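Novice: Chain residues, written in single-letter form:
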Amino acid sequence: MVTSVTSFSRTGLSDWLIQRVTSLVLLAYFIVIAYQLVGSVDYTSWRLLFDQTWMKVFTLMAALSLVAHSWIGLWSVFTDYLTERMLGPKGNIIRLLSQLGASLALFGYVIWVVVIIWS
Amino acid sequence: MLEVSLYRYNPETDEAPYMQDFSVDTSGRDLMVLDVLELIKADYDGSVTYRRSCREGVCGSDGLNMNGKNGLACVTPLSETVKGEKLVIRPLPGLPVIRDLVVDMSLFYAQYEKVQPYLQNPSPAPAIERLQSPEERAQLDGLYECILCACCSTSCPSFWWNPDRFIGPAGLLQAYRFLADSRDTATEERLGKLDDPFSVFRCHGIQNCVNVCPKGLNPTKAIGHIRTMLLNRAT
Amino acid sequence: MRTISFDGVIVGGGGAGMRAALQLAQSGYKTAVISKVFPTRSHTVSAQGGITCAIASADPEDDWRWHMYDTVKGSDYIGDQDAIEYMCSVGPEAIFELEHMGLPFSRTEEGRIYQRPFGGQSKNFGEGGQAARTCAAADRTGHALLHTLYQNNIKNETVFFNEWFAVDLVKNQDGAVVGVIAICIETGETVYVKSKATVFATGGAGRIYASTTNAHINTGDGMGMALRAGVPAQDMEMWQFHPTGIYGAGTLVTEGCRGEGGYLVNKDGERFMERYAPNAKDLAGRDVVARSMVLEILEGRGCGPNGDHVKLKLDHLGEDVLESRLPGICELSRTFAHVDPVKEPIPVVPTCHYMMGGIPTNVHGQALTVDASGNDTVIPGLYACGEVACVSVHGANRLGGNSLLDLVVFGRASGLFIEKSLRDGIELRDASQTDIDAAGSRLEALNARASGEQVAPLRHELQEIMQNHFGVFRTGEFMREGIAKLDDLRTRVENVALADRSNAFNTSRIECLELQNLFETAEATAIVAEARDESRGAHAREDFTERDDENWLCHSLYQGESKKVSKRSVNFTPQTVETFQPMARSY
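If you read the protein sequences in the order shown, they are chains A, B and C.
The numbering of the first sequence is this note's numbering, which starts it at 1 and goes up by one.
The numbering of the second sequence is this note's numbering, which starts it at 1 and goes up by one.
The numbering of the third sequence is this note's numbering, which starts it at 1 and goes up by one.
One or more hints might be untrue.
Said to hold, decoys possible - Reference excerpt, derived from the structure (chain A facing chain B, CB under 10 Å, subset only):
#, residue
1, F50
2, Q52
3, T83
4, R85
Hints in this document: simulated from the structure, not taken from any laboratory.
Everything numeric in this text was worked out from a predicted model, so none of it was measured.
For each residue, glycine too, the CB sits at the ideal point set by N, CA and C.
All chains should be modelled from the sequences, with the hints used to inform the complete structure.
Specialist: This is the structure:
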């Protein structure tokens with residue numbers, strides 16, 4: 001049985017809203033990055049950019065948005081395809097394992113981002 | 001001659017479904033697909049099984065998949081669906097097949113019932129009708145005309161994957177039909193029941209439903225309205 | 001065979017059946033509906049124009065007595081006046097109930113239910129000109145009504161046996177009806193459904209004709225079961241031919257088109273109804289309009305290369321009116337006539353539409369028979385409502401919009417009466433195994449038969465006989481030929497072969513059983529039509545062109561076993577108004 005227990009916010013509306021808001025954050029972040037990349041980028045300017053606090057906060061925000069956004073998206077994909085209806089009795093186990101894998105990966109990414117920008 | 005390839009499956013005799021070919025003499029007439037099925041049942045093979053009733057597109061019995069697209073057999077002329085010389089008829093996808101072109105629609109009906117598809121208004125009814133302006137009534141156009149043929153829901157991938165949890169375009173169209181009715185007072189309760197991650201929000205706006213609806217209705221738009229109502233309620 | 005028991009069983013999930021079921025379910029009695037299709041696929045869904053009732057929206061002065069006058073006149077005076085009085089006076093209450101249930105009626109600027117003019121409607125007992133009395137939900141009133149009733153049955157938790165087919169009535173040793181034998185189409189299981197009250201709401205039988213507005217499922221199952229069980233049939237010669245079936249396809253174009261201002265034209269573009277009905281013109285009674293159309297065609301003024309149809313002109317109404325008031329018609333016309341009514345007239349021809357006759361009942365839905373001395377007696381346990389019943393509110397010709405009213409009013413009345421009877425206590429003796437076996441014998445024989453003719457050609461032959469010999473105009477000699485052909489057909493139909501013997505969703509088996517029901521209905525029609533040697537309402541004889549009130553101001557009554565036709569008197573004693581005396585009927 002597929003349930004809402006592992007969904008991000010447990011309500012459809014919040015998930016839907018979070019996915020839209022986080023996509024806006026990500027869009028804004030990538031526009032900033034793209035703007036930087038359009039001019040010539042070297043190590044020093046790149047380093048300078050990420051030394052500023054607003055950029056550190058912004059990057060962390062983008063990373064967290066990415067986590068929320070991907071969790072909602074992946075949860076949707078997993079509960080579509082990795083189910084007992086699609087895969088037989090093993091469906092639930094496969095889905096839980098995939099969700100575990102995905103959550104570990106996303107957690108790893110956040111730690112990695114924190115380590116890079118705050119160290 | 002029209003080459004017709006029919007999906008056949010009799011649970012009592014067949015291990016697995018198969019396609020059976022018929023060469024049907026249509027005498028060059030632009031028949032409806034249902035007429036072709038009637039011809040096959042009368043003249044070729046009486047065991048061919050399908051549902052039909054009104055034969056004019058209002059009862060919703062004969063929703064089928066014709067050359068890859070869902071529609072009502074009785075209002076789909078050959079000229080519209082046959083490209084080349086071949087007509088492939090399959091049952092509506094995504095629901096269990098009972099026999100040949102007949103599918104088990106229990107899941108579909110269960111989703112319909114889930115939205116409480118009836119007017120709710122506990123206040124004492126007046127001695128005459130409840131008044132409703134033509135503008136208020138116009139809100140129901142494009143909603144109440146649904147014939148429950150299931151062409152939309154069975155063309156929706158989200159419904160294929162979660163037919164027990166996602167209400168699907170047909171059920172949601174009816175959910176909105178009552179949300180939009182000025183005479184219904186159960187809006188809050190109705191919305192409360194729709195706010196889980198599956199019922200409404202599995203709609204990803206693919207719009208297959210809009211593409212196949214034989215009555216020209218737009219469930220995606222109705223789903224959008226429900227989402228807006230949920231949003232307004234939460235903020 | 002398994003037995004399932006209910007307080008009330010309704011056979012048929014159309015408007016009448018679901019209205020009766022709703023009434024019973026609301027009262028808390030264990031109620032089941034047996035329907036051979038999912039209920040919203042029933043033929044009520046095809047009703048278009050509306051439901052006629054004096055709710056005084058279009059005209060605040062409107063009076064149900066005016067509606068009653070129109071209905072009595074429309075029936076050509078063989079509608080029972082007590083029943084018509086009941087229908088027209090209770091009607092408004094029944095309509096308002098439907099609205100409260102959620103039926104999405106079209107609206108007036110005042111917010112009330114929209115009413116449109118229909119044929120045969122007048123104000124002030126025919127003196128005040130055309131009335132607008134047909135309550136409408138665009139041109140999808142039947143659809144809106146049927147879905148609303150299904151929805152409210154869901155709300156009240158009625159038990160539905162969907163895609164179950166009732167085979168025959170079970171009668172106990174006292175001759176009382178105590179349920180039906182039914183097949184689950186999906187599994188093929190046969191069950192005895194036992195009930196204290198069995199309600200037939202099985203609808204019409206338009207499929208006895210080759211050309212009909214009726215759905216494939218309208219096969220007279222209730223008539224077949226009734227006639228086999230010794231229940232008489234009343235006024236079976238009275239078949240309504242709807243003036244506007246789409247030429248070639250047979251699909252219905254509502255009378256509401258003419259109500260909204262459309263009119264019929266012949267090949268010269270002449271509005272010919274002005275000649276036949278100078279006052280009401282295109283909104284005369286349906287029998288009058290249908291006959292006029294056939295006369296135009298016979299006299300060489302028909303349209304098309306074969307001159308075999310006329311045209312319904314709507315384009316002068318403008319696209320806005322057509323798309324808002326008649327959207328379904330535009331759709332049907334484009335699909336089946338390849339004609340856009342916004343631009344061109346629709347080719348139409350009179351097409352078999354409605355069975356005015358049926359199982360005789362009183363206003364409570366109780367099925368009636370007559371005893372040896374000609375007195376009405378109630379058949380215990382059996383009720384009928386809707387098209388299969390003959391209360392009789394339609395007599396020899398039904399007015400447009402009265403069928404939907406008939407089915408909600410008498411579906412409701414049956415439910416109310418059964419509820420009261422159940423509360424008072426219904427004692428019927430149980431059916432014995434022999435009784436149950438007797439009811440199952442037809443199915444048993446079909447399943448056992450090894451040879452015989454195929455169902456489709458037999459059905460085709462039956463429909464052609466009825467179409468050719470018992471159409472809009474009838475003559476004695478030609479009808480006797482038709483009856484002889486039916487005689488020949490009877491044994492062949494009784495011995496129809498079942499090619500497919502599987503159990504799962506075997507529609508061939510159902511079609512064989514339906515064919516036998518069609519045949520019973522057709523034969524009753526044929527024999528009574530030949531017997532009534534006068535012209536009245538929809539029954540037009542070329543050899544007896546006049547109405548004969550001296551001999552035939554009465555119902556016909558047909559017994560299936562003896563094939564005998566007798567007469568039953570018409571009720572002329574309404575309770576609250578004066579009797580409407582028979583008069584010459586002109587529009």
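Novice: For the restraint on T83 (chain A), tell me whether the closest CB of chain B is nearer than 10 Å.
Specialist: 7 Å, holds
Novice: Can the hint on Q52 (chain A) be confirmed by a CB-to-CB distance to chain B that is less than 10 Å?
Specialist: The hint is violated - Q52 (chain A) has no Cβ within 10 Å of chain B, the shortest such distance being about 34 Å.
Novice: Let me know if the C-beta of R85 (chain A) comes in closer than 10 Å to any C-beta of chain B, holds or violated.
Specialist: Where the cut-off is 10 Å and the nearest Cβ of chain B is about 7 Å from R85 (chain A), the hint holds.
Novice: Go through the hint on F50 (chain A) and say holds or violated, using the shortest Cβ distance to chain B against 10 Å.
Specialist: Violated, because the Cβ-Cβ distance from F50 (chain A) to chain B comes to roughly 35 Å (cut-off 10 Å).
Hints 1 and 2, counting from the list given before, are not met by this structure.
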